[in-house]
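Participant: Listed below, chain by chain, are the residues.
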Amino acid sequence: MLAYALRRLLLAMPLLLGITFVSFAVIHLAPGDPVELQTGDMSMQQSAQAYQELRKLYGLDQPLHVQYWNWLTRIVRLDFGRSFAPDGRPVLNKIAERLPITLMLNLVEMIIILVLAVPIGILSATRQYSLFDKVTTVFVFVGFATPDFWLALLLMILFGVQLDWLPVSGLRSLNWEYLSFWGRQWDFLSHLALPILVATFGGLAGFSRYMRQSMLEAIRQDYIQSARAKGLAERVVIGKHALRNAMLPIVTVLGLSLPGLIGGSVIVESIFAIPGMGQLMVQSVFQRDYPVIMGNLVIVSVLTLLANLAADLSYGLVDPRIRLAGRRGRR
Amino acid sequence: MRGLWQAFAKNRLAVIGGLVVAALAVLAVLAPVLAPWDPHRPDVRKILEPPSARHLLGTDQLGRDVLSRMLYGARVSLAVGFVSVGIAAAIGIMLGSMAGYNGGFVDATVMRLVDLMLVFPRFFLLLAVLAFLSPSIWTIMVVIGLTGWMGVTRLVRAEFLSLKEREFVLWSQSVGATGFRVIWRHILPNAMAPVLVAMTLGIPAAILTESGLSFLGLGVQPPFATWGNILNEGKDTIEIAWWLSVYPGVAILVTVLSYNLMGEGIRDALDPRLRRGAGRFVARGR
Numbered sequence: 049m050l051a052y053a054l055r056r057l058l059l060a061m062p063l064l065l066g067i068t069f070v071s072f073a074v075i076h077l078a079p080g081d082p083v084e085l086q087t088g089d090m091s092m093q094q095s096a097q098a099y100q101e102l103r104k105l106y107g108l109d110q111p112l113h114v115q116y117w118n119w120l121t122r123i124v125r126l127d128f129g130r131s132f133a134p135d136g137r138p139v140l141n142k143i144a145e146r147l148p149i150t151l152m153l154n155l156v157e158m159i160i161i162l163v164l165a166v167p168i169g170i171l172s173a174t175r176q177y178s179l180f181d182k183v184t185t186v187f188v189f190v191g192f193a194t195p196d197f198w199l200a201l202l203l204m205i206l207f208g209v210q211l212d213w214l215p216v217s218g219l220r221s222l223n224w225e226y227l228s229f230w231g232r233q234w235d236f237l238s239h240l241a242l243p244i245l246v247a248t249f250g251g252l253a254g255f256s257r258y259m260r261q262s263m264l265e266a267i268r269q270d271y272i273q274s275a276r277a278k279g280l281a282e283r284v285v286i287g288k289h290a291l292r293n294a295m296l297p298i299v300t301v302l303g304l305s306l307p308g309l310i311g312g313s314v315i316v317e318s319i320f321a322i323p324g325m326g327q328l329m330v331q332s333v334f335q336r337d338y339p340v341i342m343g344n345l346v347i348v349s350v351l352t353l354l355a356n357l358a359a360d361l362s363y364g365l366v367d368p369r370i371r372l373a374g375r376r377g378r379r
Numbered sequence: 028m029r030g031l032w033q034a035f036a037k038n039r040l041a042v043i044g045g046l047v048v049a050a051l052a053v054l055a056v057l058a059p060v061l062a063p064w065d066p067h068r069p070d071v072r073k074i075l076e077p078p079s080a081r082h083l084l085g086t087d088q089l090g091r092d093v094l095s096r097m098l099y100g101a102r103v104s105l106a107v108g109f110v111s112v113g114i115a116a117a118i119g120i121m122l123g124s125m126a127g128y129n130g131g132f133v134d135a136t137v138m139r140l141v142d143l144m145l146v147f148p149r150f151f152l153l154l155a156v157l158a159f160l161s162p163s164i165w166t167i168m169v170v171i172g173l174t175g176w177m178g179v180t181r182l183v184r185a186e187f188l189s190l191k192e193r194e195f196v197l198w199s200q201s202v203g204a205t206g207f208r209v210i211w212r213h214i215l216p217n218a219m220a221p222v223l224v225a226m227t228l229g230i231p232a233a234i235l236t237e238s239g240l241s242f243l244g245l246g247v248q249p250p251f252a253t254w255g256n257i258l259n260e261g262k263d264t265i266e267i268a269w270w271l272s273v274y275p276g277v278a279i280l281v282t283v284l285s286y287n288l289m290g291e292g293i294r295d296a297l298d299p300r301l302r303r304g305a306g307r308f309v310a311r312g313r
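These protein sequence lines map, in sequence, to chains A and B. Going by my numbering, the first sequence opens with residue 49, and the numbers climb by one from there. Going by my numbering, the second sequence opens with residue 28, and the numbers climb by one from there.
Don't take each hint at face value.
What the hints assert, rightly or not - Computed from the model, here is a short list of chain B residues facing chain A with C-beta under 7 Å:
no.	residue
1	Ala155
2	Val156
3	Leu197
4	Trp198
5	Val202
6	Phe251
7	Leu284
Stated by the list, open to error - Pair by pair, the computed Cβ-Cβ distance ranges are:
no.	chain 1	residue 1	chain 2	residue 2	range
8	B	His67	A	His76	34 to 40 Å
9	A	Met152	B	Val169	58 to 64 Å
10	A	Arg283	B	Val169	52 to 58 Å
Read the hints as simulated data drawn from the structure, not as lab findings. Ideal Cβ placement from N, Cα and C applies to all residues, glycine included.
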């Protein structure tokens, strides 16, 4: 297992470097000088200041490889410079106070998706073409096609405006200070309800579809036949023999869909005014706060890479074939 | 070909999806003829009128006809879908065939590049790029295309890996055909089927991405109407003008749903093993 973990870790290294390289390339996307072009709508003084700041930060007057090296040595120390916003705070601080919110939301979403999608997938696979299967199939297709921002708007109209059951923005009510301990918990949860519902909707469709597919393949295998033949209860055949094998691809899909889930925070956080990384990203794009944008991009991608790595490792943990395959190949 | 068509025609949902897709294309092309009002002309006397016989889907906060704006929006959505998927497919086919045909170092490099691009949460990458460029229909198309070629690359590579060992390829290599000719004339035509399916399913994904960006106000800019930016403008008046927030969303939903149904139908028809089968899961936009 240790060898497997090390190998995965080594494979992740070039990707880490690649993330910094692509992000660096993004700065140079703008035709001509990346700074001059986009500061047009600021005042003269502001724009001149921002220009100097960017020049200094990225060393734009130096040759490309020197620029890249400077940028790399800086972000290795997590120094993303200072925000262009009037507060001028270090980018890292701005990101650090928003990161936990986005992480928490994504973690909760993922848990909810898995907890619901696995049983849904099992049920529709074992009862293929039943009414339940058909209903979930319709749900899957509609779930795929529903834009999450639109779903958010509809839910806001329904629960926020018409019924007035749930708050539609932020994480706390205005009177949060005056609430009791349990009142605060309830307030927090009620603020989270709609964003989490929206964020899990599309993912739930994808995962339950995938779980169904994976389960269908598993129950067609010979070892399921033999498990039945030796007289095991159907509950054990499905719940143990089939499920274990069907879960394996799900771990891979989980890793692959992480960037999608995290990317979804952009929309959900900006609609529901949740102060996370996604909202910060949108705000800084509007304000052309380049240091924050670049810091955000690098940090989010590195975190996704780490999460992918974790998914890979857990895959090796549950499936001995994966963990041993490379070793045999090398020899 | 005939068998294919029959297999596709048997799938009722896929046929309905195909018909809706065709109808949408016609509506988009004929938008200037069909639109009852000028989509860009404001009218202060008719601000936020609910749906009526004169304005079937109501008017927006500037008094513009929503139906006309949505018809013009269909053009943008479809154009963005087609062009960005075209760009993604061109890149994917090029890189995928290079990787699959050559193998070795080229293959390893291309695949690492794919892995790298897949690590970026797409919306964050898109926003970072758009912050440096001024958003317009063209930049949106290019940017969505440039961040969406990884799936096609993997598909093409996988096809090439299995096809390049086949007799007809070995034969043409042994009679001295150049690598480019073998790829272009012999392998690629045989590898196109899954690519076409991926492209069909890529269009709705691109439409979702574009509408998401436009909804955030960072996609196609007003006065150009797109479904996404009508929703963006409508969200401020959501409490008094529901029609601005409902109809464009329905349009997106129906379009994406139809493309997905059609795409899955084509795939099932192409792949007899999957026929009547469960289908794989469709990649979402971001």
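Participant: Give a verdict on every hint.
Facilitator: We went through each hint and held it up to the structure:
1. Ala155: Alanine 155 of chain B check passes; min Cβ-Cβ to chain A is 5 Å, inside 7 Å.
2. Val156: 6 Å, holds
3. Leu197: Hint on leucine 197 of chain B: violated, closest Cβ of chain A at ~26 Å, above 7 Å.
4. Trp198: With Cβ-Cβ at 31 Å, over 7 Å, it is violated.
5. Val202: The hint is violated - valine 202 of chain B has no Cβ within 7 Å of chain A, the shortest such distance being about 35 Å.
6. Phe251: 18 Å, violated
7. Leu284: Given a least distance of 4 Å, the restraint on leucine 284 of chain B holds.
8. B/His67 <-> A/His76: 34 to 40 Å: 36 Å, holds
9. A/Met152 <-> B/Val169: 58 to 64 Å: Cβ of methionine 152 of chain A to Cβ of valine 169 of chain B: about 35 Å, so the range 58 to 64 Å is violated.
10. A/Arg283 <-> B/Val169: 52 to 58 Å: Cβ of arginine 283 of chain A to Cβ of valine 169 of chain B: about 54 Å, so the range 52 to 58 Å holds.
Consistency with the previously given hints fails for numbers 3, 4, 5, 6 and 9, ordered from lowest to highest.
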